[in-house]
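Following the hints, position chains B and C against chain A.
Chains as they are written, first to last, in numbering that gives the first Met the number 0: chain A, 0 to 234; chain B, 0 to 352; chain C, 0 to 291.
Among these hints, one or two may not hold up.
[Claimed, not checked] Okay, the calculated bits of chain C under chain B, using three or more residues with CB under 8 Å as the criterion:
1. 75–85
2. 241–255
3. 268–275
What the hints contain is simulated information worked out from the structure, not anything from laboratory work. For glycine and all other residues, C-beta sits at the position ideal for the given N, C-alpha and C.
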Amino acid sequence: MMLEVRGLCAFYGQSQALHGLDFALAEGGIVTLLGANGAGKTTTLRALCGMVRMTGEVRFDGKPITGRATEDIVRLGIAHVPEARGTFVRMTVEENLRLGAMTRRDHSAIAADLDEVYSVFPRLRERRKQQAGTLSGGEQQMLAVGRGLMLRPRMMLLDEPSFGLAPLIVAELFGILRRLNRERQVAMLIVEQNAALALDLAEEAYLLETGRIVMAGPAQEIAKDEAVRRSYLGY
Amino acid sequence: MTMQEHEAVALDTAAVPSEAAIARPLGLWLDRRRLLIGAAVIAGLMAPLVVANFTIFQLTMVMIYGLAILGLNLLTGFNGQFSLGHSAFYGIGAYTAAILMSGSAELSYYWTLPCAGAVCFVVGILLGLPALRLQGLYLALATFALAVALPQLLKSHVLEGLTGGVQGIVIDKPDPPLGLPINADQWLYYFTLAVLLVMFAAAAGLVRSRTGRAIMAIRDHPIAASAMGINTARYKTLTFGVSALYTGVAGALGAIVVQFVAPDSFSFLLSVNFLVGLIVGGIGSIPGSLFGGVFVLFVPNIAEKVSTGLSGAVYGIILLLLIFLMPSGAAGFVRRTAAWLARLRHTSTRGGA
Amino acid sequence: MEQLLQQVVAGLATGAIYATMALAVVMVYQAIDHLNFAQGELATFSTFLAWQMIEWGWSYWAAFAMTVAISFVIGIAIDRVLFRPVRNAPILSQLVAFIALFSILNSSDGEIWNFTIKTFPTPFGTKPLFGSGLISTHQAGMVAVTLVMLALLYLFFRGSRLGLAMRAAAANPEAARLVGIRVGWMIALGWGLSTAIGAVAGMLIAPIVFLDPNMMLGVLLYGFAGAVLGGLSSPGGAVFGGFAVGIIENLAGTFIPFVGQELKLTVALIVIVAVLMVRPAGIFGQVAVSRV
Numbered sequence: 000m001m002l003e004v005r006g007l008c009a010f011y012g013q014s015q016a017l018h019g020l021d022f023a024l025a026e027g028g029i030v031t032l033l034g035a036n037g038a039g040k041t042t043t044l045r046a047l048c049g050m051v052r053m054t055g056e057v058r059f060d061g062k063p064i065t066g067r068a069t070e071d072i073v074r075l076g077i078a079h080v081p082e083a084r085g086t087f088v089r090m091t092v093e094e095n096l097r098l099g100a101m102t103r104r105d106h107s108a109i110a111a112d113l114d115e116v117y118s119v120f121p122r123l124r125e126r127r128k129q130q131a132g133t134l135s136g137g138e139q140q141m142l143a144v145g146r147g148l149m150l151r152p153r154m155m156l157l158d159e160p161s162f163g164l165a166p167l168i169v170a171e172l173f174g175i176l177r178r179l180n181r182e183r184q185v186a187m188l189i190v191e192q193n194a195a196l197a198l199d200l201a202e203e204a205y206l207l208e209t210g211r212i213v214m215a216g217p218a219q220e221i222a223k224d225e226a227v228r229r230s231y232l233g234y
Numbered sequence: 000m001t002m003q004e005h006e007a008v009a010l011d012t013a014a015v016p017s018e019a020a021i022a023r024p025l026g027l028w029l030d031r032r033r034l035l036i037g038a039a040v041i042a043g044l045m046a047p048l049v050v051a052n053f054t055i056f057q058l059t060m061v062m063i064y065g066l067a068i069l070g071l072n073l074l075t076g077f078n079g080q081f082s083l084g085h086s087a088f089y090g091i092g093a094y095t096a097a098i099l100m101s102g103s104a105e106l107s108y109y110w111t112l113p114c115a116g117a118v119c120f121v122v123g124i125l126l127g128l129p130a131l132r133l134q135g136l137y138l139a140l141a142t143f144a145l146a147v148a149l150p151q152l153l154k155s156h157v158l159e160g161l162t163g164g165v166q167g168i169v170i171d172k173p174d175p176p177l178g179l180p181i182n183a184d185q186w187l188y189y190f191t192l193a194v195l196l197v198m199f200a201a202a203a204g205l206v207r208s209r210t211g212r213a214i215m216a217i218r219d220h221p222i223a224a225s226a227m228g229i230n231t232a233r234y235k236t237l238t239f240g241v242s243a244l245y246t247g248v249a250g251a252l253g254a255i256v257v258q259f260v261a262p263d264s265f266s267f268l269l270s271v272n273f274l275v276g277l278i279v280g281g282i283g284s285i286p287g288s289l290f291g292g293v294f295v296l297f298v299p300n301i302a303e304k305v306s307t308g309l310s311g312a313v314y315g316i317i318l319l320l321l322i323f324l325m326p327s328g329a330a331g332f333v334r335r336t337a338a339w340l341a342r343l344r345h346t347s348t349r350g351g352a
Numbered sequence: 000m001e002q003l004l005q006q007v008v009a010g011l012a013t014g015a016i017y018a019t020m021a022l023a024v025v026m027v028y029q030a031i032d033h034l035n036f037a038q039g040e041l042a043t044f045s046t047f048l049a050w051q052m053i054e055w056g057w058s059y060w061a062a063f064a065m066t067v068a069i070s071f072v073i074g075i076a077i078d079r080v081l082f083r084p085v086r087n088a089p090i091l092s093q094l095v096a097f098i099a100l101f102s103i104l105n106s107s108d109g110e111i112w113n114f115t116i117k118t119f120p121t122p123f124g125t126k127p128l129f130g131s132g133l134i135s136t137h138q139a140g141m142v143a144v145t146l147v148m149l150a151l152l153y154l155f156f157r158g159s160r161l162g163l164a165m166r167a168a169a170a171n172p173e174a175a176r177l178v179g180i181r182v183g184w185m186i187a188l189g190w191g192l193s194t195a196i197g198a199v200a201g202m203l204i205a206p207i208v209f210l211d212p213n214m215m216l217g218v219l220l221y222g223f224a225g226a227v228l229g230g231l232s233s234p235g236g237a238v239f240g241g242f243a244v245g246i247i248e249n250l251a252g253t254f255i256p257f258v259g260q261e262l263k264l265t266v267a268l269i270v271i272v273a274v275l276m277v278r279p280a281g282i283f284g285q286v287a288v289s290r291v
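Just chain A, with the same shape it has in the complex (with noise of 0.2 Å):
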């Protein structure tokens, strides 16, 4: 297992967002959270990356990272895409695409691998000098995978990828999300209000209610559960 979790709390302040969880995710493997707001995905994701106040043990690769900084749980080949997307807003596309490589000592390959984000998303090629503040909302999701790529990692945490995108670029990013993980074995953890879209890209699904594991399995049985779908997922 590349990641596994056991008993994750996670605390904002005095209050408990995330009572307890255990999750697990393969190596290359596709790995889907899935709630209602509030429900606590976003947490567990900051959580992993040692974002909030958390206790319990997180394994990376049987390391375990619990309490570590999170720039030092990035440099482990962990690349999160936040909800928010992190644009560097004042900086041009290029740099953004850079900055993901920061901790990356292998000069030519960073080049190499800017080439292939750029063949991957063409878009971005086309507006690499532009200030990444200007892009549309489905280009600043893809510079935020984009770069979340540049770290060439093992693992990447997307929260909500979908949020905010029309439906014929969602469809084109998850396109994407497929391959990379098919051709390159990044193993993916995400977060998704979206469950439809959710349960037919990944493996497994969690089903998160009020910071609690309420319902676990593979994807492709829990999309199927009728009582399921209608009570969580709202379809």
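Here is chains B and C on its own, set in the frame of chain A:
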């Protein structure tokens, strides 16, 4: 941040509180609080009868600084508008009093207070209007410009006839009225105390009122406040005026008590002192302003006693210690301790059952 | 006309002082989102160190280089020891930390080196430049050094990886962490750079205004004014602002009758405030558009 996160953070970090946040952990304390205030007032009334004249003078100055800091608190603490210029309001209030008392008007000292207040209120409003366009640091610079400009203006040839230039103006000490059996220092103390109580009570009333809530809403969420229909511009300008009024009245009192005004007493350094007093006392805390006054008056003296040559360094070190130990000021410290005690009591009764 | 030109050039020369200070101010501001009120005192302290080394017999440039290096380290140390612990405190509390630092440094300078005015040497000489009466060689040297520093900083921030990382850390600390940037150290680096630049400013200014513990008080105010005028998000703007303040101050003092020497600073500040009313983010500053 989600609503959950936001609320939790607000409760825990004891950032500048709204009224509700004060009431919650201090619920058990409210009656005790009134008792404490009562005790403090009684102590305040007795003090000048038992201590030496110079100490009475110092205590009077503490109250005056506390009032000045309260003025700054209204603007910066409760309304979020940064000001490095309150030394100017203090100075204008002081000079207004001095000019009225010594010039051809020869006004009695107690009338100078409302005059100083009115003048400063107007100046505050006039400054508040352009201040609407400036945020944070830029407002700081503008108010800083004011603080630097005032001593220079007071000294300049243009206004020398009125202000006495570099020499300043000397005032006579007022006598106690009606032949009361106290000396002038004691009388001034009681006079200042009366003014202080009235103005502090008024400030507390303002803060608790709808206007006060609007003012604080503007500090916390300016966009939401205006979206809810609060006339941000009007309240911000008004707060500037009231804040200036408070500090101006303090300045007038200061002039009367010190019996002397001179341009260099009202420099930018005084503004810094007020700001330090505000922060050490606790932003957004009315009683904290008085503690700030204590700090501003006594700590530099203490620093001097520790080491004359390095008094500034000692002062700086004391400041650092205070900030490390009490990042939210004295008021924040009291609040946290009260909340911690309340939690202890709560969990111990829970655990007992 | 001749006098106007003379005053403008003189303004440029004093402006160079302010510009260097403004640059240091903006450097720290970019790193920590605050104005460093103790900047001037740090620069004074550094200049005293240099003076001491020269007293001990070091050559000017050796002392200069050593001072810049030590100042860099001091800046990093102050950030790590003093400001890191209060980074999560309310902004106004952090302000008190600055005031405390200011107080400690100013007092220590006086205690260690006393308040008598000292002269400080200049490597540029003090003869009139090219024999004309406009500016001296030292003043020209000052302008040149400021511009060189600006160029170096521009290259650093635009062209190097570390510079990019620092810009990212200042622009969006959380996103910067997510790409593995150690934001805490970037801030410390910003402090180090700013203190080093301040040291250079101090060493350039001292020959003109003479060295004493209160040397930088006025200069810092002008430096802030220049930085704000030019725009706190733009190092080039800050330098421009510094020069502009120097010129405005000189012209106002010379040509507006009632201003004279007394109200020069006041007028300069009024002009700046007036500019801010029109362009709240400074002339070259980028307005941060906040989405509701």
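Establish whether the coverage given for the segment 241–255 of chain C by chain B is satisfied; the threshold is a Cβ-Cβ distance below 8 Å, and no fewer than three residues must meet it. violated (count 0)
Outcome, coverage of the segment 75–85 of chain C by chain B - at least 3 residues whose beta-carbon is closer than 8 Å to one in that chain: Held - the segment 75–85 of chain C has 3 residues with a Cβ nearer than 8 Å to chain B, which meets the minimum of three.
Claimed coverage, the segment 268–275 of chain C by chain B - three or more beta carbons nearer than 8 Å: This one holds; 5 residues, not fewer than the three required, reach chain B with a Cβ under 8 Å.
In the structure shown, a violation is registered for the earlier hint numbered 2 alone.
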